[in-house]
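Number of protein chains: 2
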Amino acid sequence: MSLKLTILGCHSATPRVNAHPTAQYLEINNRHFLIDCGEGTQRQMRKYKVGFSKINHIFISHLHGDHFFGLIGLIATFGILNREKELHIYGPKGIKEVTVLQLKLSKSWTKYPIRFHELESKESELIFEDDKVSVRTIPLDHRVYTNGFLFTEKAQPRKLNIDAIRQYNEIDICDYQNLKSGKDYRLENGEILPNEALTFPPPPAKSYAFCSDTTYKPDIVPIIKDVDLLYHEATFLKDREHLCEKTKHSTAEQAARIAAQANANKLIVGHYSSRYNDITAFKKEAQEVFECVELAEAGKQYSLNSYPIEVLN
Amino acid sequence: MSLKLTILGCHSATPRVNAHPTAQYLEINNRHFLIDCGEGTQRQMRKYKVGFSKINHIFISHLHGDHFFGLIGLIATFGILNREKELHIYGPKGIKEVTVLQLKLSKSWTKYPIRFHELESKESELIFEDDKVSVRTIPLDHRVYTNGFLFTEKAQPRKLNIDAIRQYNEIDICDYQNLKSGKDYRLENGEILPNEALTFPPPPAKSYAFCSDTTYKPDIVPIIKDVDLLYHEATFLKDREHLCEKTKHSTAEQAARIAAQANANKLIVGHYSSRYNDITAFKKEAQEVFECVELAEAGKQYSLNSYPIEVLN
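Chains A and B supply the protein sequences, listed in that same order.
All letters in the first sequence, in the order written, are residues 1 to 313 by my numbering.
All letters in the second sequence, in the order written, are residues 1 to 313 by my numbering.
Watch out, some of these pointers could steer you wrong.
Any copy will do: because identical chains look the same in the list, a pair fits if it lies in one copy or spans two.
[Stated by the list, open to error] With a Cα cut of at most 27 Å, we get these calculated DSS-like pairs of lysine-lysine:
no.	residue 1	residue 2
1	238	183
2	111	246
3	122	180
4	284	238
5	300	47
6	154	47
7	284	122
8	107	266
9	47	180
No lab work stands behind these hints, which were simulated from the structure alone.
All figures in this text were calculated on a predicted structure; none of them were measured in a lab.
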């Protein structure tokens with residue numbers, strides 16, 4: 001079980017020299033996901049040593065430029081790097097049309113297949129699942145159709161308690177799979193050994209919720225309940241809360257209220273408006289409601305390998 | 001008369017941390033033009049202090065990503081910056097469709113007007129003209145429809161030789177316009193004063209030719225004959241000349257041959273392939289054919305205010 005999040009960009013609206021639009025790289029149970037892809041994301045990936053060939057799934061929350069304009073460049077670069085593996089792109093309806101049009105105009109058809117998974121539902125839906133990870137949408141409320149994404153590790157098998165098992169000669173290696181799956185063991189004398197006596201519980205399955213961009217939307221709380229790590233946009237501070245309704249964004253305090261209601265373990269805020277020069281005020285405001293807050297910054301990594309969450313840099 | 005060129009990016013293919021795709025900012029006779037707009041151009045514009053509000057005309061050579069993928073982000077940023085002035089975009093047919101589609105999908109219609117000037121001709125044509133500057137296309141030969149651009153200052157009026165004029169009391173201020181336009185002066189005694197006796201020639205009109213991307217194409221020479229400053233792509237060195245036919249690019253030597261045939265004053269080469277770590281070899285190769293060669297580098301400026309050309313940094 002492992003979960004590591006790398007922030008590639010976390011500012012809103014226009015790219016600036018040291019303020020990059022939204023993009024995140026998530027490593028979860030040996031799956032490697034890119035979340036949003038603002039202009040310049042591929043440059044940020046190179047800067048922070050994200051392996052291009054590892055990415056097979058890209059999740060785009062919405063089609064505003066600061067979350068999306070870097071996608072076509074990344075797709076083209078994959079082609080230049082002679083990618084052959086299939087690439088899956090999850091995003092709002094329209095993402096296929098605009099990507100294909102740009103490839104057509106540049107006569108740069110990729111040699112690798114691209115599978116588009118266009119999203120239209122207003123309900124949370126399962127959009128990816130394998131034996132390691134599942135991904136659900138988190139319907140958000142923004143000026144255009146927008147989804148957040150909930151990434152959840154699959155529960156792993158129980159761990160064998162070898163010392164306990166060795167006390168019973170009759171337990172054979174071919175019984176181990178049943179034990180890992182949680183089954184009790186019946187001895188030849190008929191006695192039932194409860195599974196807990198022979199195994200340890202697996203490390204808890206971890207989860208990460210990405211919520212950007214959105215107004216304050218408490219009805220997402222049941223979807224992200226008890227999430228380990230929550231990224232929630234905080235474009236404004238309370239001083240500009242009046243802008244939230246028009247722009248469909250949130251304040252740091254509102255992000256913290258969602259984290260508190262969801263019983264999240266830790267909150268990361270980002271998507272800061274360029275109106276603010278000092279982002280530390282976002283942490284301070286959020287901490288008035290929810291203690292465990294981190295500020296997203298490009299290059300910052302959050303790991304869930306150890307418990308509690310470790311900020312790597 | 002003034003001409004200043006700022007290189008914003010000059011590498012081919014994929015953006016890297018310190019290798020930015022093609023974009024140039026040209027100031028010519030108080031007109032401010034952006035030429036090509038690879039991903040990340042707006043960040044480079046901020047880095048090198050290019051005023052966003054000064055740009056009213058953008059020229060796109062072709063629709064490959066490394067010359068074009070930064071355009072939509074710049075258009076969006078102009079909107080965020082509350083631009084009201086009309087923006088003119090010159091580029092291959094299709095540029096309007098893809099731009100409009102992206103604005104539609106993001107529901108981010110600009111409040112300022114955008115005028116698209118879609119190019120289809122395979123002949124050189126005049127695409128911009130006012131009292132200060134004219135711009136012609138330079139048809140190039142690349143994998144997709146591509147134009148270079150020739151920017152030429154309009155000839156300015158002759159300068160009055162006040163000391164000479166003052167020797168003739170009968171020459172009045174209301175005659176000055178005729179003198180500036182080159183007319184001779186008839187004295188009351190019937191004598192003809194040749195214009196050259198009363199005026200100085202204006203500073204020579206300067207010109208800049210941008211040629212990227214293209215194979216070696218000598219038939220552009222008549223279009224750019226006697227150009228002051230020539231940018232010509234040099235993706236490869238001679239060691240990889242065999243790649244030029246397939247990729248439709250040029251070597252540094254070929255760029256220099258065009259400069260020599262065109263009797264250019266100075267050649268700038270750029271659009272280096274990422275295969276080369278040391279770009280100084282491009283200058284060396286070109287100088288075997290043409291003496292006056294500069295290497296394009298992001299942030300480098302070339303000024304024609306003084307004569308000969310001055311490299312500012």
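Here is how each hint holds up against the structure:
In the homo-oligomer, the alpha carbons of residue 238 and residue 183 never lie at most 27 Å apart, since the shortest distance is 53 Å inside one protomer and 70 Å across protomers. Taking identical chains as interchangeable, the C-alpha atoms of residue 111 and residue 246 lie at most 27 Å apart only when they sit on different chains, with a minimum of 17 Å there against 43 Å within one chain. Taking CA atoms no more than 27 Å apart as the test, residue 122 paired with residue 180 passes in neither setting, with 38 Å inside one copy and 70 Å between copies. Taking CA atoms no more than 27 Å apart as the test, residue 284 paired with residue 238 passes inside one copy only; the shortest distance there is 11 Å, against 59 Å between copies.
Taking CA atoms no more than 27 Å apart as the test, residue 300 paired with residue 47 passes in both settings, with 12 Å inside one copy and 23 Å between copies. For the homomeric pair residue 154 and residue 47, neither the shortest alpha-carbon distance inside one copy (31 Å) nor that between copies (45 Å) is at most 27 Å. In this assembly of identical chains, residue 284 and residue 122 lie within 27 Å of each other by CA distance neither inside one copy nor across copies; the values are 33 Å within and 61 Å between. Proximity of residue 107 and residue 266 under a CA criterion of 27 Å is satisfied in neither setting, with 45 Å inside one chain copy and 33 Å between copies.
When the C-alpha separation of residue 47 and residue 180 is checked against a cutoff of 27 Å, the pair qualifies neither within a copy, at 41 Å, nor between copies, at 57 Å.
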